[in-house]
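Please work from the sequences and hints to get the whole structure.
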Amino acid sequence: MTRLIAVVRLIVIWTGIGFVLAVLLSAALPAAFGDRSMVVRSGSMTPAIRTGDVIVVHPISPTGAEVGDIITFQDPDGSGRLIVHRVRAIEQHGDQLAFTTQGDANSSREHWNVPVDGKIGSVLYRVPKLGLAVNRISSPLGHIGLMIVPALLLAVSLLTSIWRSGPRREDPDDVAA
Amino acid sequence: MNSRFNKNLVRTAGALVGAGLALIFLLAARPDANSSPLPATVRISVAPTGELEVLPSPPRPVLVANALLPGRPPAAATFQIRNQAGRTLAVALSTTADSTALDGLVRIRLSADGHRLADTTLQGMQERSVDLNLASGARTQLQLQAWIPGDVLTGYEGRLVEVSLVPAVQPLGGRG
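Protein sequences, first through last, are from chains V and P.
When you number the first sequence by this note's numbering, it's gap-free, plus one each residue, and the end is 256.
When you number the second sequence by this note's numbering, it's gap-free, plus one each residue, and the end is 157.
Quick caveat, the hints were computed from the structure, so don't treat them as lab data.
It cannot be assumed that every hint is accurate.
Unchecked claim - Here are some, though not all, of the chain P residues that point toward chain V, as calculated from beta-carbon distances under 10 Å:
id	residue
1	0
2	1
3	4
4	13
5	47
6	51
7	138
Claimed, not checked - A few chain P residues that don't get close to chain V, going by computed Cβ distances all over 10 Å:
id	residue
8	37
9	53
10	55
11	100
12	132
Nothing here was measured: the structure is a model prediction, and the numbers come from that model.
Backbone N, C-alpha and C define an ideal beta-carbon position, used for all residues, glycine too.
See the structure below:
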């Protein structure tokens, strides 16, 4: 019975570890293949994408976008900010594509042009709420937590192993004089 | 040795289950691609004019049809106009739009007290509607409908057009 509990506990712990690692890798690994991960900081695409989600974006040709796709593009106001909105309409004018985009939760829309041979981003998937965790870790408190939590875990692990080993047997050769 | 092997096996199995759960979690959280046709949106407001009081007051739109799909029932709204000039007015309405995207696709019907003033496409509404005579101080309720006919196949998806109903007012002889 004790052995079964130990096995179940081991499975649960490693399932948790596997889950967390896979989620973290899904957000970090795409960067190695030319994709990009970014934290969403506004609710304009709620409920499809929420504030604090991490989205993974793949660069595509504007001709590859279709009405209904969620894409990233530079804010037409020239601020250089990246916007994540849904394509509402695409029209080709010569070597330019005229996009109309709108956040699902917005009533306003944006009109902007991009050259046919330009680049925009296509949202592949999102990792819900991971951005909130990233932001917390980036804070001073998060940095402290990053040091304290592993230290505490290490201490607990050491103490557990000491308690499990029990009192040390006396060496029979150690005889009092 | 055997126990250690079993322990590693359990750990690996657990990690794989965790990774599988993460995959399911990420697939479930994928944003909806929304490949179904996006509805068109038409916002219609009445351009203010001194001779007429309009309710709801401009620039509040009188009709926001934000789910227009071919063959769906018309989006409908009513609004009031009141002649606040000192004489009887012949009022006709025409439209201007910020885009031609839905010109031939959206139909508009405008009526007042059962009388049809216009029943045409958005493009056709650029022409004046039938005149509506309104005595001084008189108020009337207008019904506005917008829809996309069922035979429209494409071209409307996601389009959003701001339409302004522009009253053309002509005084008729004599007071109220």
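These are the hints, each one checked on the structure:
no. : hint : in the structure
1   : 0    : 4 Å, holds
2   : 1    : 8 Å, holds
3   : 4    : 7 Å, holds
4   : 13   : 6 Å, holds
5   : 47   : 9 Å, holds
6   : 51   : 15 Å, violated
7   : 138  : 5 Å, holds
8   : 37   : 17 Å, holds
9   : 53   : 18 Å, holds
10  : 55   : 21 Å, holds
11  : 100  : 27 Å, holds
12  : 132  : 20 Å, holds
Checked against the numbered hints given earlier, the structure breaks only hint 6 and satisfies all the rest.
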